[in-house]
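Undergrad: The residues making up each chain are set out below.
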Amino acid sequence: MSDFFSTLLDELPQVGAGLWVTVQATVLGSLLALLLSFTLGLAAGSGLLLVRGVSRTVVEFFRGTSLYIQLFWLYYAMPQLTGYELTPLLCGVVAFGLNYGAYGSEIVRGAINSVPRAQYEAAVALNMTPLHRMRKVILPQAWVQMIPPFTNLLIQLLKCTPLLWLISAADFMTTIEHIRSLTGETLTAYLLLLAVYFVLAYTLTLLMNLLERSAKRRLGLHTGGRSLLRTRTAEAVTTTGGTR
Amino acid sequence: MNQTFDWDAAGDALPLLLEGFRVTLLATVLGTLVAAVLGLAIAVAGRAPSRFVTVPVKAVMEFVRATPLLVQLVGAAALFTSVEPLTIGIVVLGIHYATYTSEVYRAGIDGVPKGQWEACRALSMSPRRTWQAVILPQAVRNVLPALGNYAISMFKETPFLAVITVHEMVFEARSYGADHFAYTEAFTLAGLVFLVASYPTSLLMRKLEKRLGH
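Sequences listed follow chains A and B, in order. Here full-length UniProt numbering is used: position 220 in the first sequence is 220, and no number is missing along the way. Here full-length UniProt numbering is used: position 24 in the second sequence is 24, and no number is missing along the way.
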């Protein structure tokens with residue numbers, strides 16, 4: 001045990017760098033996922049059949065093929081086919097973003113559909129332009145609905161980042177694996193890994209709770225301080241669509 | 001270096017991939033069974049009258065849920081080296097998903113009207129008989145579509161098993177790709193097989209869910 005932690009101390013700079021790679025992959029991946037969620041989710045509500053169709057096809061494609069395969073396809077197959085090669089971290093960011101963006105688009109679609117119909121009608125009656133209506137009336141209300149499922153999705157994304165280890169990005173899992181192989185302390189190494197991922201997940205939950213509170217406040221809904229510490233750990237992303 | 005899709009290699013790889021697919025399906029089915037049974041046990045334990053039972057159960061559940069499946073798999077495989085990788089995979093997948101299915105059961109159990117519990121009390125049924133004869137038959141029927149959705153999610157996470165050398169489809173794709181330098185063909189086909197298998201199933205589940213009025 002002490003052997004493990006003394007090696008850990010010796011390798012501290014690498015461990016820190018690994019943790020940073022994991023955090024980067026999570027943050028950049030979720031930003032891409034968020035961007036795609038809104039693009040695809042809003043497109044799914046479009047009046048044009050073509051736009052709707054493209055959105056559905058993309059979503060079903062990325063949800064239907066496994067994330068694991070998408071990541072490996074980007075890493076192994078794309079350089080062979082196109083000649084472009086992404087760095088391992090970028091592969092991860094793109095794969096996580098595409099996959100979770102597809103799941104996220106269902107969240108956006110569901111939340112927009114759950115805004116009461118009368119709100120649309122009132123905005124139309126006030127002669128608001130579609131853009132104005134979306135920005136000022138529909139999205140602020142839908143956004144509050146989106147935050148809890150987005151929290152789930154974020155934690156799911158974080159939980160997939162150890163996959164980076166397999167495509168030799170020097171993430172947190174890689175560095176701890178390295179220390180494990182140096183010291184042979186299997187149990188300590190994996191317990192530490194699990195504990196750190198748990199802390200990261202809980203931190204994400206707390207941040208999202210804060211975000212939810214501020215979004216609710218903007219709608220005039222106030223929540224107490226207790227709800228900020230609540231855990232809302234990941235629910236598995238399910239396949240069927242609609243409001244979740 | 002640009003290279004085009006090699007159809008011969010794809011035709012070559014397909015039988016191997018389909019053989020791996022059998023293991024993928026086996027892992028999904030058995031893993032779902034473990035998750036379905038264990039999830040029910042967690043849900044019932046979560047309703048135990050004593051806090052000494054409910055608090056640890058909830059803590060372990062939150063921990064398992066918030067930590068990566070991959071680390072759990074690799075860790076279990078490294079600790080129990082004498083157990084067969086497929087068994088480890090099924091058990092770990094099952095436990096991981098049980099923490100989700102238990103929520104599904106919980107909702108199903110909460111959905112049983114309170115009067116049913118009271119009636120059982122009035123008839124002085126034992127707790128065991130209350131669960132067996134009254135509560136569970138009503139709860140389980142409503143949770144089947146949600147369990148099906150988790151089975152599909154699990155199906156898409158079975159590639160993780162390749163990491164602990166379970167010879168499922170992605171393992172076969174990777175070894176074929178490495179042997180013949182044909183990653184493109186192997187991974188593209190594996191992805192298509194996943195799409196072909198999971199999309200119709202998810203459509204079916206959606207229909208079933210609508211039918212049961214969810």
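Rather than coming from a laboratory, the hints here were simulated on the basis of the structure. As the structure is a computational prediction, the values presented were derived from the model and not from experiment. The C-beta atom is built at its ideal place from N, Cα and C for all residues, glycine as well. Hints are not guaranteed to be accurate.
Residues of chain B clear of chain A, computed beta-carbon distances all greater than 10 Å [said to hold, decoys possible]: (1) 7; (2) 21; (3) 33; (4) 44; (5) 48; (6) 127; (7) 132; (8) 135; (9) 157; (10) 167; (11) 192.
Taking CB as the label site, the calculated pair distances span [claimed, not checked]: (12) A:219 <-> B:112: 33 to 43 Å; (13) B:87 <-> A:50: 31 to 41 Å; (14) B:111 <-> A:182: 50 to 60 Å; (15) A:81 <-> B:212: 41 to 51 Å; (16) B:56 <-> A:230: 40 to 50 Å.
Undergrad: What are the numbers of the hints that this structure violates, sorted from low to high?
TA: Numbers 9, 11, 13, 16 - these are the hints that the structure violates, sorted from lowest upward.
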